[in-house]
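Number of protein chains: 4
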Amino acid sequence: MAIMRIGKAEIRVMDLEESVKYYTNVIGLEEVGRSEGRVYLKAWDEFDHHSLILQEADSPGLDHIAFKVEHEDDLAKYEKKIEQFGCTLKRISKGTRLAEGEAISFELPTGHQVELYHEIVRVGTKTGNLNPAPWPDGMRGIAPHRLDHLALTGEDINTVTRFFTEALDMFISEKIMTVDGEEMVGSFIFARNGKAHDVAFIKGPDKKMHHVAFYVDNWYEVLKAADILSKNNVQFDVTPTRHGITRGQTTYFFDPSGNRNEAFASGYITYPDFPTITWTEDKIGQGIFYHRRELTESFIKALT
Amino acid sequence: MAIMRIGKAEIRVMDLEESVKYYTNVIGLEEVGRSEGRVYLKAWDEFDHHSLILQEADSPGLDHIAFKVEHEDDLAKYEKKIEQFGCTLKRISKGTRLAEGEAISFELPTGHQVELYHEIVRVGTKTGNLNPAPWPDGMRGIAPHRLDHLALTGEDINTVTRFFTEALDMFISEKIMTVDGEEMVGSFIFARNGKAHDVAFIKGPDKKMHHVAFYVDNWYEVLKAADILSKNNVQFDVTPTRHGITRGQTTYFFDPSGNRNEAFASGYITYPDFPTITWTEDKIGQGIFYHRRELTESFIKALT
Amino acid sequence: MAIMRIGKAEIRVMDLEESVKYYTNVIGLEEVGRSEGRVYLKAWDEFDHHSLILQEADSPGLDHIAFKVEHEDDLAKYEKKIEQFGCTLKRISKGTRLAEGEAISFELPTGHQVELYHEIVRVGTKTGNLNPAPWPDGMRGIAPHRLDHLALTGEDINTVTRFFTEALDMFISEKIMTVDGEEMVGSFIFARNGKAHDVAFIKGPDKKMHHVAFYVDNWYEVLKAADILSKNNVQFDVTPTRHGITRGQTTYFFDPSGNRNEAFASGYITYPDFPTITWTEDKIGQGIFYHRRELTESFIKALT
Amino acid sequence: MAIMRIGKAEIRVMDLEESVKYYTNVIGLEEVGRSEGRVYLKAWDEFDHHSLILQEADSPGLDHIAFKVEHEDDLAKYEKKIEQFGCTLKRISKGTRLAEGEAISFELPTGHQVELYHEIVRVGTKTGNLNPAPWPDGMRGIAPHRLDHLALTGEDINTVTRFFTEALDMFISEKIMTVDGEEMVGSFIFARNGKAHDVAFIKGPDKKMHHVAFYVDNWYEVLKAADILSKNNVQFDVTPTRHGITRGQTTYFFDPSGNRNEAFASGYITYPDFPTITWTEDKIGQGIFYHRRELTESFIKALT
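Protein chains in written order, with this note's numbering: chain A, 3 to 306; chain B, 3 to 306; chain C, 3 to 306; chain D, 3 to 306.
Calculated from the structure, these hints are not laboratory results.
Errors might be hidden in some of the hints.
Put simply, identical chains are the same to the list, so a pair is met inside one copy or across any two.
Unchecked claim - Mimicking DSS-like on lysine-lysine, the simulated pairs with C-alpha atoms at most 27 Å apart in a straight line are:
hint : residue 1 : residue 2
1    : K285      : K226
2    : K285      : K82
3    : K23       : K83
4    : K23       : K128
5    : K177      : K209
6    : K233      : K96
7    : K128      : K92
8    : K285      : K209
9    : K303      : K205
10   : K177      : K83
11   : K226      : K205
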């Protein structure tokens, strides 16, 4: 049928054990497996086997993101559309990574590696699916519900956005335009899942990652997240505030390798007929940080 | 493509002006039009022309619910599937109601009238789509974001649920089963929009409505809603609590005609591959009211 | 100078170990000592040695409440005032209970035992007083900040209230009056500490306890408390709601012996010149439960 | 008996009408009177006639703060203590300002003007004191409950703090000490009212004001406040965060004249026996801004 959501991301970290400690104790993900130097993690409220893979490397950054499709035969359907758009792709065979089935892999116009997949081992959420409690006992750290979205940078936002809407049938919730209306410098892209975004692109160097976001429930959970980060001496980029774009509530900070993380809450609901919101670049400060109303240098420059 | 959401409901009220006052001042919807004895209302965060229609009548209850499809030609596609399921349907021509285009109309196995539509005048949300504020000035009453879902009753939950999954390609987030596992006595149904439910069915008499729910942001908004209801002497059915089913936060109350309303917040995200949660009937108390852990007579018996 | 706060309460429980488990794991108090069949407990944010004492007995209920005075010589001052009011009292010598100094003990006009004390071992809060974190790691259960207040019943609310204002220099935040204005049927009494109440009296049988309340921070903490109670199968009396009286947010439930507990949040600030609020008995439903607007039988009748 | 609270502050503003608009529409205070070029304001939840006075002047800053004492004869008592401490003072006669009775006026060691008073016209809160609603209809702007505290700067924090504890019988909740423990560079002072502070002093130039704080209920109200400030293009100093000191939640911003305002929520309860918390100057970043963990230049330098 269609893409359901961003289901996984693999990121590069520089000290694997330190990173695992951070993502399990501070973020509060659960380690679900290790294989060939990679550590597989999931959030308590996710039912698939993993949503985040850590890969030890010499530099931080993104290895790839992956979207889960509704049916196995969606892979063939999107294979065709992606090739028609002009991207080359390849099949990745089942078992290449832990618990994963067959996938297709391709490169975005911005140089980022992306995969589509359907098959993955289902392990269920921590609360189960028989008369479940609303939340599990024994949560650790920030304990987000899920991997929510990633934000990436690229030179040509217009083309990558067109790729997502034309080749992947995804939708734009918001876009940032230069004041003259001639260039798109940011876009926020969602699948048919009600989310404000599964992935976002911001004008900048190709192949770079701006942040990985985890979903927490509400503004109080953002405060709890920020308290936990401070207790653990995690470096903040942006303390709790509201986004203009998505209306969500947020705090940004860095993992031990310098990859920016976000704890993101709330935001509106989207549908395919959601009227795309436009921010003009002169208001981008308020668009990104609704209160401060101006960007900070670190928020613009720190990319991995 | 597919159904996007429950888009509208038309309900019967007994004193039209008193009801309009209630739905605009207490609930905080906006009156967007009147025509042929009907009053059309929308929530501030909805972009379509209306989501609730009040129809003056001798008794309260549901006139019909309507689902919005992604494309105009989805009407023909679902027309076929609905007929295949064995329901008779008819086309409703454009202009039958204010601001609405062509629709198809049919009766559920439970006797409720349902419509599918694509075309409706788009008026935009109150915050607009150019550099919008997160919320508009001048909100009144509870000020929900949207019509969220309806809950209806019927004799044969299994068949009506099968209708939604087979004929309408919708999904089941949760179901309530008798302890012996033989009969489904409740089901919670969603479209591809991340919601916990667009419509729910509970074992009971055919053609009846249990409640109309409006979405508010969070547990504090549920408190604010309850405070406003008490200030306005609105009759409560259930004061603020958490649902086991959907994990959402809630309060139930009655409109001036006796139609039950809900202010509903939070809940998890769903996708087509969401693992359906099962509640066994012996735990239904906790499933419905996570704290009280038992149903009340009024909650079971008051239907319109 | 004056009374600072309700500092301690000793209650009777029927199965000591089961009660200790409940008060430490579900409520989340810390056991700080045992002596002569009594278990001493404190909340994480209290700096004195203990605030709750459990005493094993054949029936539940209150042994005594105790108010902490600002200076040691306040004991002599209040001794005189209490005697002038007509109550007999006695001195309790240091070391009678664990970690406690000298105290005075007397009986209220309602038959309840009360003590005043100044000396008690100070152990400090869990976050310490050097560059403290806002909350400690490793909290368990509801994890309230403190013992907040007790509500007791008595035949003559007017006299016991007069005792608190005249003999103990305390203040009335709210009172409930019969509609004819002739009899006081409820009073809410505070010391110079900004609290909405340290102790409350409701018309009913002498010597009985209505509830022991613990303070949690806000409406979200009341939800978390209620979720934890349900997970632990604790019997609720009243699920989360707002009080009219004190404006606070609340949920009521029963300890394993049937003593009613409350998780109470928010409320206004008081001062000696706070204008006493009057509730007329016809509005007492809304006064107690702002949303439901009527009392329940269990709330009235279950006393220990 | 004793000081009850900071009851009023008079500040200098440069454009009176613009300031009145800001304090009534954005902050949401109520104008209660005008006289001799001064505008008198109160918050909806305060029962005395006014808590903030605006005085038109050529430069912003503090005219005076005033503490309300419990009894009229406390004025004479403190007059003696203040003189013993070495401050000269004078009586201000009834009617010098609108709705105010007799007061005593003196200068702090830091050069700030302070008054003590008991008499002031009581007008009651907006919800009244007969069967009141928890909050009034028709609130505007941030709508704080009360003037909460002021923070002032001075060269000699030790002496001014000693003045408050010795001459005014007030208490220290927290202090900031140089790392060698030799100098106090910050102190947070409260009366017997449970507040985290009525007034604070930070090392800096004499006679200057750092901020005027208004109390809002909780972390969600801080978000609402920040949203309203952004909608009104008010200049922020610090976007929403938590304080280490007081544990409270906060946002700082500037009135049209450049006087810093704060919306402050939560914080712990204090009593006369509260164990003073010490922050060492090397941790002051975390003490002031628990998340960012470093001071900003504007927060240090912008004084009026």
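(request) Sort out which numbered hints this structure fails and list those numbers smallest first. (result) When the structure is compared with the hints, numbers 2, 3, 6, 7 and 11 turn out to be violated.
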